[in-house]
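Undergrad: Each chain is listed here by its residues.
Protein chains: 2
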Amino acid sequence: MLLLAIDAGATKTVLRIATPSGDVLAESRGGPANIATSVEQAAKSMEGALRSAIQTAGLTEDMLHNGEVKWIAAAGAAGAEVGGRPEKLKALFPYLTIFDVRTDAYTSCLGAHGGADGAIVAIGTGSVGYAICGDRNHRVGGWGFPQSDEGGGARIGLAAVRHMLAASDGRIRESDLSVAVRHYLQELGLDPMTWSVGASATDFAALAPVVLRTAKNGCGAAARLLESAGKDIAGLLDALLKKDGFSEMKVVFTGGLATELLPWCPQAVRDKGVLCQGTSLDGAMKVAMQRACLT
Amino acid sequence: MLLLAIDAGATKTVLRIATPSGDVLAESRGGPANIATSVEQAAKSMEGALRSAIQTAGLTEDMLHNGEVKWIAAAGAAGAEVGGRPEKLKALFPYLTIFDVRTDAYTSCLGAHGGADGAIVAIGTGSVGYAICGDRNHRVGGWGFPQSDEGGGARIGLAAVRHMLAASDGRIRESDLSVAVRHYLQELGLDPMTWSVGASATDFAALAPVVLRTAKNGCGAAARLLESAGKDIAGLLDALLKKDGFSEMKVVFTGGLATELLPWCPQAVRDKGVLCQGTSLDGAMKVAMQRACLT
Numbered sequence: 048m049l050l051l052a053i054d055a056g057a058t059k060t061v062l063r064i065a066t067p068s069g070d071v072l073a074e075s076r077g078g079p080a081n082i083a084t085s086v087e088q089a090a091k092s093m094e095g096a097l098r099s100a101i102q103t104a105g106l107t108e109d110m111l112h113n114g115e116v117k118w119i120a121a122a123g124a125a126g127a128e129v130g131g132r133p134e135k136l137k138a139l140f141p142y143l144t145i146f147d148v149r150t151d152a153y154t155s156c157l158g159a160h161g162g163a164d165g166a167i168v169a170i171g172t173g174s175v176g177y178a179i180c181g182d183r184n185h186r187v188g189g190w191g192f193p194q195s196d197e198g199g200g201a202r203i204g205l206a207a208v209r210h211m212l213a214a215s216d217g218r219i220r221e222s223d224l225s226v227a228v229r230h231y232l233q234e235l236g237l238d239p240m241t242w243s244v245g246a247s248a249t250d251f252a253a254l255a256p257v258v259l260r261t262a263k264n265g266c267g268a269a270a271r272l273l274e275s276a277g278k279d280i281a282g283l284l285d286a287l288l289k290k291d292g293f294s295e296m297k298v299v300f301t302g303g304l305a306t307e308l309l310p311w312c313p314q315a316v317r318d319k320g321v322l323c324q325g326t327s328l329d330g331a332m333k334v335a336m337q338r339a340c341l342t
Numbered sequence: 048m049l050l051l052a053i054d055a056g057a058t059k060t061v062l063r064i065a066t067p068s069g070d071v072l073a074e075s076r077g078g079p080a081n082i083a084t085s086v087e088q089a090a091k092s093m094e095g096a097l098r099s100a101i102q103t104a105g106l107t108e109d110m111l112h113n114g115e116v117k118w119i120a121a122a123g124a125a126g127a128e129v130g131g132r133p134e135k136l137k138a139l140f141p142y143l144t145i146f147d148v149r150t151d152a153y154t155s156c157l158g159a160h161g162g163a164d165g166a167i168v169a170i171g172t173g174s175v176g177y178a179i180c181g182d183r184n185h186r187v188g189g190w191g192f193p194q195s196d197e198g199g200g201a202r203i204g205l206a207a208v209r210h211m212l213a214a215s216d217g218r219i220r221e222s223d224l225s226v227a228v229r230h231y232l233q234e235l236g237l238d239p240m241t242w243s244v245g246a247s248a249t250d251f252a253a254l255a256p257v258v259l260r261t262a263k264n265g266c267g268a269a270a271r272l273l274e275s276a277g278k279d280i281a282g283l284l285d286a287l288l289k290k291d292g293f294s295e296m297k298v299v300f301t302g303g304l305a306t307e308l309l310p311w312c313p314q315a316v317r318d319k320g321v322l323c324q325g326t327s328l329d330g331a332m333k334v335a336m337q338r339a340c341l342t
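From first to last, the protein sequence lines stand for chains X and L.
Taking our numbering as reference, the numbering of the first sequence is continuous, increasing by one, and the terminal residue is 342.
Taking our numbering as reference, the numbering of the second sequence is continuous, increasing by one, and the terminal residue is 342.
In isolation and in its complexed conformation, chain X is listed as follows:
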């Protein structure tokens, strides 16, 4: 029996093979694997990473199919909340004895608290609040951009572009922020007025560092924008902990923007935070181990 843990993210895949006792045999990386966007693309990324890990571990590809090894796998996958997608993904891996597909919010939360109960608020390109309490779990936000992902980098970048466009139009006054966003785009050789037509969440999120820098340099408009994002994060957390039995949970702030955005969140939000114990991949490995124990 071997354990397989997969962190299937929107920008990359990370995969780990371990023994039932938890000894890591290999880790590898693969391409994007958001199963809401494309199950086929995600499967391709995962298979690429799996082949590479098998090689690193000194195993052969035969051992995936010949029944010699029982594969107990678990994935935390971006987009797994979209109906039917986990089932579609599982069907593409018939050689895995068990393949447990969860949302990456679930595995991140499990990993962050070392398998114990707790809550996370992830702040990266998007945002999501997630909490696990025994066999109950609860999620707030993270419904995608631009409709949700409040407080995430893409929403911050979108607000910055709106501010710059309104200033260019003369609808509001120019600020250090409007000037900084315009210059940033111009220096990349882009037209600030039309650049954002068809821009992706990732494109908008690239402007978040510009906002953070401008706010640190004393721009009131940038500071207000970040405080508004901080209030959005507080709103996520409040709704998350309001649920029965969840109010005393410890909270881990994860994601690439968490450290930078937390100073702009209300004090009550910051007071809740504890240190992170592990990643979404660690969480997926915990799921695989649980499944292995039940087998």
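Incorrect hints may appear among the rest.
Note: identical chains are not told apart, hence a pair may lie in one copy or across any two.
Below are the SDA-like pairs computed for lysine to any residue, each with C-alpha atoms no more than 20 Å apart in a straight line [stated by the list, open to error]:
no.	residue 1	residue 2
1	278	220
2	290	221
3	117	140
4	278	209
5	278	317
6	289	214
7	263	239
8	333	109
9	290	220
10	135	241
11	135	237
12	278	214
13	91	111
14	137	113
15	137	339
Because the hints were derived from the structure by calculation, they are not lab data.
Keep in mind it's a predicted model, so treat the numbers as computed, not measured.
We have chain X already, so just place chain L on it with the hints.
TA: Same frame as chain X, but now just chain L:
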């Protein structure tokens, strides 16, 4: 000499052939023609419409190329503000003696005021403010969704989805609006929480009628959302008329959502409105006529 006017819109093309004195010989329709999205697709839609109009007018396709007829053409094209696109489009129509490509905002404004100076605020899926004063013109907003198009149908639909998602998460209270949006999507067999992942501006705009209906039935949340859209329209108009020499302009409200949204705009906005005299196609024909007179 023959005149050719083209209204090249994001969803359809309308084309008219007329004599230099303005007698219409034929009108026809074609596919989508947003030159920001695809110049090639736009050219294909225009050529299809042109062939059909030539047939209706009793002309032959030879007459496009053999030099027998001088073609003076003008288009008001969606996306013409994107650098280099008008030039690219013109290059695909070498047989037109003159081909003047303007933004559809310009031709709409010219058409709306029968060729006289004036302003328009277009409120449809998107929104834009535009004004012409002699040889000066001024534009506010209309920089695309979700970053601009304030007060347009897609922005109203986006705000409605955000409201529904926040209510579903327990971040805010349920309202008649959150319930109506959820039911609307469920009745279409869609999952309200994940439907908007990858939804287009047109998809979001389909929710605007739900907001308008719910507001008319007395929902405060829907009313506040529309009042906020109305304030956005007021902001466009203020910035438009703030420019030197533009303050006393007459304003035409155009677009599929104008009539429904105007009651939610501040009184000062409504007081500015005058009746529309013509379409973007009429405006394009005026450009073609002006060019013909100068030839």
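Undergrad: Would you mind marking each hint as holding or not holding in the structure?
TA: Evaluated hints:
1. 278 to 220: Cα proximity of residue 278 and residue 220: across copies only (17 Å, versus 24 Å in one copy).
2. 290 to 221: between (43 Å within a copy, 16 Å between copies)
3. 117 to 140: Only inside one copy: residue 117 and residue 140 sit 13 Å apart there, 65 Å across copies, limit 20 Å.
4. 278 to 209: This pair counts as both: shortest intra-copy Cα distance 19 Å, inter-copy 16 Å.
5. 278 to 317: Cα proximity of residue 278 and residue 317: one copy only (12 Å, versus 35 Å across).
6. 289 to 214: Between copies only: 14 Å across, 39 Å inside.
7. 263 to 239: Neither way: residue 263 and residue 239 sit 23 Å apart in one copy and 38 Å across, limit 20 Å.
8. 333 to 109: For residue 333 and residue 109, the Cα distance exceeds 20 Å both inside one copy (26 Å) and across copies (73 Å).
9. 290 to 220: between (42 Å within a copy, 14 Å between copies)
10. 135 to 241: Cα proximity of residue 135 and residue 241: across copies only (17 Å, versus 38 Å in one copy).
11. 135 to 237: For residue 135 and residue 237, only the inter-copy Cα distance (18 Å) is at most 20 Å; the intra-copy one is 40 Å.
12. 278 to 214: between (24 Å within a copy, 16 Å between copies)
13. 91 to 111: Within one copy only: 16 Å inside a chain, 51 Å across chains, cut-off 20 Å.
14. 137 to 113: Intra 19 Å, inter 62 Å, cutoff 20 Å: intra-copy only.
15. 137 to 339: Within one copy only: 17 Å inside, 66 Å across.
Hints 7 and 8 from the list above are not met by this structure, while the remaining hints are.
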